[in-house]
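K.L.:
Chains B and Y, in that order, give the protein sequences.
Converting from the first sequence to this note's numbering requires adding 525 to each position, the first position being numbered 1.
Converting from the second sequence to this note's numbering requires adding 4 to each position, the first position being numbered 1.
The hints are simulated quantities; they were obtained by calculation from the structure and are not laboratory data.
Just to be clear, a hint being listed does not mean it is correct.
Here are the simulated SDA-like pairs of lysine to any residue, each with C-alpha atoms no more than 20 angstroms apart in a straight line [said to hold, decoys possible]:
1. LYS238(Y) x GLY776(B)
2. LYS657(B) x MET774(B)
3. LYS238(Y) x MET774(B)
Listed next, with one range per pair, are the computed distances between beta-carbon atoms [what the hints assert, rightly or not]:
4. GLY804(B) x PHE149(Y): 36 to 44 angstroms
5. ASP400(Y) x LYS760(B): 52 to 60 angstroms
6. LYS140(Y) x LYS760(B): 46 to 54 angstroms
7. THR777(B) x ARG222(Y): 42 to 50 angstroms
8. LEU725(B) x GLY381(Y): 48 to 56 angstroms
9. GLU255(Y) x VAL667(B): 43 to 51 angstroms
10. GLY268(Y) x ASP612(B): 48 to 56 angstroms
11. LYS140(Y) x GLU532(B): 50 to 58 angstroms
12. ARG258(Y) x PHE752(B): 35 to 43 angstroms
13. ILE354(Y) x GLU532(B): 22 to 30 angstroms
14. GLY614(B) x LYS254(Y): 39 to 47 angstroms
15. ASP730(B) x ILE389(Y): 56 to 64 angstroms
16. GLY57(Y) x PRO559(B): 32 to 40 angstroms
This structure is a prediction, so every number in the text was calculated from the model and none was measured.
Using N, Cα and C, we set each Cβ at its ideal position, and we do this for glycine too.
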Amino acid sequence: MAILVDENTRVLVQGITGREAATFTKGMIDYGTPVIAGVTPRKGGQEVHGVPVFNTVRKAVDATDPNVAVVSVPPAFAKDAVLEAIDAGIKLVNVFTERLPRGDVVQTLSFARQHGARVVGPNSLGIVSPGKGKVGAIGGPVDETHLAYTPGPVAVLSRSGGMCTETCSLLTVNGIGQSTAINIGGDPIVGSSFVDLLPLLDQDDQTRVIVLFCEPGTVQEETVARFVKETGYSKPIVAFVAGGFVDDMPGTRFGHAAVIVHGDSGSVRGKQRAMREAGITVVDFHSEIVAAVREHLDRMGA
Amino acid sequence: MRLFEYESKQILAAAGVPVPPGKLIGTPEDAAIAATELGGGPVVLKAQVLATGRGKAGGVRFADTSQEAQQVAGEMLGADLKRHTVEKLLVETKLDIAQELLVAATFDEIAKSRSVIASAAGGVDVNEAVEQDVGKVEQLLVDSFRGLQPYQAYTLADALSLPVGSLRTVQRVLLAIWKVFVEYDATLVEVNPLVLTRSGEILAADAHIEIEDDALFRQGKRLAKFGIELREDKPRPPTTFELEASKIDKEDYRGVAGRVIDFGGNLGLLIGAGGGSLTAFDAVRRHGGNPANYCEVGGNPPVSKIYRLTKLILSKPGVQGLAVITNVFSNSRVDFLARGVVKAMVELGIDPRMYPILFRSAGAFEEDGYAILRKYGIQYLGRNISMDQAAKAAVDMMREREL
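Only chain B is shown next, with the shape it has when bound in the complex (with noise of 0.2 angstroms):
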């Protein structure tokens, strides 16, 4: 089954005439996601790869029907976009673009809440459920995107672009397949945390055992832990979190916007005592995902 991109996905990209949102667009036709519109303010009535380019998303989607939207442009319009989107009745919209002041974020959450529409990201690569479709720049080109992820039992959630595609590399590499890889944004606020895609996954036959890459910074990890612990959730989690010395060096920014440690607030140990706590498995090296992934596999006799 998987879950927010398959084969029924069609796929508007705002801000279609950038060079990454070009090659990123093509990376998705080639993969067989249908890109039916773009749209970029002024350059109306152009094609980027043979998809027509709008001036607004509301005579996109008129004229074409999109169901999810991937916004890719500067971080001083991304707001905007974003609520152009939603007003145009899409329900599923993932930003690519990084950076956004979170001031803007919450104001297009609060708006996605109000419509009943979900955001994926800001800083956000997309969404894949291998072998149905792709949504934004996970994976990259296509011959990339196939050697990396293929078809399987596993969902994937990451807070870093690069390691979702590692991460499913590596299960692929060791003969496990997965049914929706999502980049969630590593940015302190995202539309889709990953506390907000669980329930998801536990409505999805596909998806077996869960895998998440968790980075130093905000509270997701332990807000999982919180949730995992009070309903009771089904489906097995296996967690790595990266930059356990981060730790050591509180104040210091590493990577991501979101990936800072405020004394023990954000730290990798609270983290990983909370998700043990919670009966999650959390393994310390990144390739033991794999070996843990397996025997919750081989328990549940998949």
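Model the placement of chain Y on the given structure of chain B, informed by the hints.
P.N.:
Below, chain Y alone, put in the same frame as chain B:
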């Protein structure tokens, strides 16, 4: 970007928050003059450093006379406070405190919303207050489109059990904090303590504003009105090595390749990026390796950038080997990475066949990249070898060298 107390107070005062009379000074003599101008009575001298826990570390002191203010300022100025040198002091009239409150505006990451916080127990860390004593802390999630409404601010003020005469002022303070929080793209606006004096005045005794780095592009003008220049927060002054790396990154906007942090070890690292660098760095350390640096590579940087960074790392005193470990690239190119590394070695006159180097990368243009590495006799690992195994191999490589 964290603002100094005096900067925060300027902004809050302009928005209508009452602050105590005060002066910013840089010499002991000016401290005496300031104390006299403030009426010659008791004053407080506060070190202007961007560090939390300043009070406990001796950064806040009192003086009863102008003469004493001069003496205390002499002791404080130039001193080291939490790894910062004290260069400026804020001299303010000492307040006759009846009660300390806390008011703040910040983001609630779980609720994904802006929020306003008020507490009758001020003076302590806001996060600690929220965590430890939930009952005493009032938090209100505020919808971004609607904003904090006057009745909401009044309701919050009313929950603090204050004298009735202070409620309107606290309401006004809350609305002003909200306005600053939104207008300045702050991630935190905190007045702690907000003081109720024995004579019934409400004053912001301390203030702390943090502006989101990713919003600085639209805050420059607003901050310039208060003479505040944009700057980068650093927990410690950067080393020469870090400055060089940062220069390389800034001179070419393409790709991330230059977020570098100096560590003292012997193994130079080119790792990437984001989560990949966190994973690789951890793996090297956990296998007993001794990194010379942290350096991210990602977002498809050009050959020139990789070459300059590799050269910088290889030239760093104490570096005796190099590990290039990345995740499977989606958008960066393996051949660019290989070419940059090789070019740096050749230029420095390092024979790649003799020098300890480990290369693990895969993804776009990997075959081209591997061909270059083969040509120069550099061993490489691909996607079938995990980042952990690569890290262990790098550590083993360094051990063999030491034997």
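K.L.:
Does each hint hold? Answer for all of them.
P.N.:
Hint by hint, here is what the structure shows:
Taking the CA atoms of LYS238(Y) and GLY776(B), the gap is near 8 angstroms; set against the 20 angstroms cutoff, the hint holds. Taking the CA atoms of LYS657(B) and MET774(B), the gap is near 42 angstroms; set against the 20 angstroms cutoff, the hint is violated. Proposed proximity of LYS238(Y) and MET774(B) is supported: the alpha carbons are some 12 angstroms apart, at most 20 angstroms. As the Cβ distance of GLY804(B) to PHE149(Y) is approximately 39 angstroms, the hint placing it in 36 to 44 angstroms holds.
Taking 52 to 60 angstroms as the suggested C-beta distance range, the pair ASP400(Y) and LYS760(B) does not conform, at roughly 38 angstroms. Between LYS140(Y) and LYS760(B) the beta carbon distance is about 39 angstroms. The supplied range of 46 to 54 angstroms is therefore violated. At about 26 angstroms, the beta-carbon gap between THR777(B) and ARG222(Y) misses the expected band of 42 to 50 angstroms. Under the hint 48 to 56 angstroms, the C-beta atoms of LEU725(B) and GLY381(Y), about 50 angstroms apart, fit the expected range.
Between GLU255(Y) and VAL667(B) the beta carbon distance is about 34 angstroms. The supplied range of 43 to 51 angstroms is therefore violated. Between GLY268(Y) and ASP612(B) the beta carbon distance is about 54 angstroms. The supplied range of 48 to 56 angstroms therefore holds. As the Cβ distance of LYS140(Y) to GLU532(B) is approximately 54 angstroms, the hint placing it in 50 to 58 angstroms holds. At about 40 angstroms, the beta-carbon gap between ARG258(Y) and PHE752(B) stays in the expected band of 35 to 43 angstroms.
A hinted range of 22 to 30 angstroms for the beta carbons of ILE354(Y) and GLU532(B) is inconsistent with their spacing of about 52 angstroms. Judged by the Cβ atoms, the range 39 to 47 angstroms given for GLY614(B) and LYS254(Y) holds: they are separated by roughly 42 angstroms. Between ASP730(B) and ILE389(Y), the C-beta spacing of about 34 angstroms breaks the proposed range 56 to 64 angstroms. Under the hint 32 to 40 angstroms, the C-beta atoms of GLY57(Y) and PRO559(B), about 56 angstroms apart, miss the expected range.
Checked against the numbered hints above, the structure breaks hints 2, 5, 6, 7, 9, 13, 15 and 16 and satisfies the rest.
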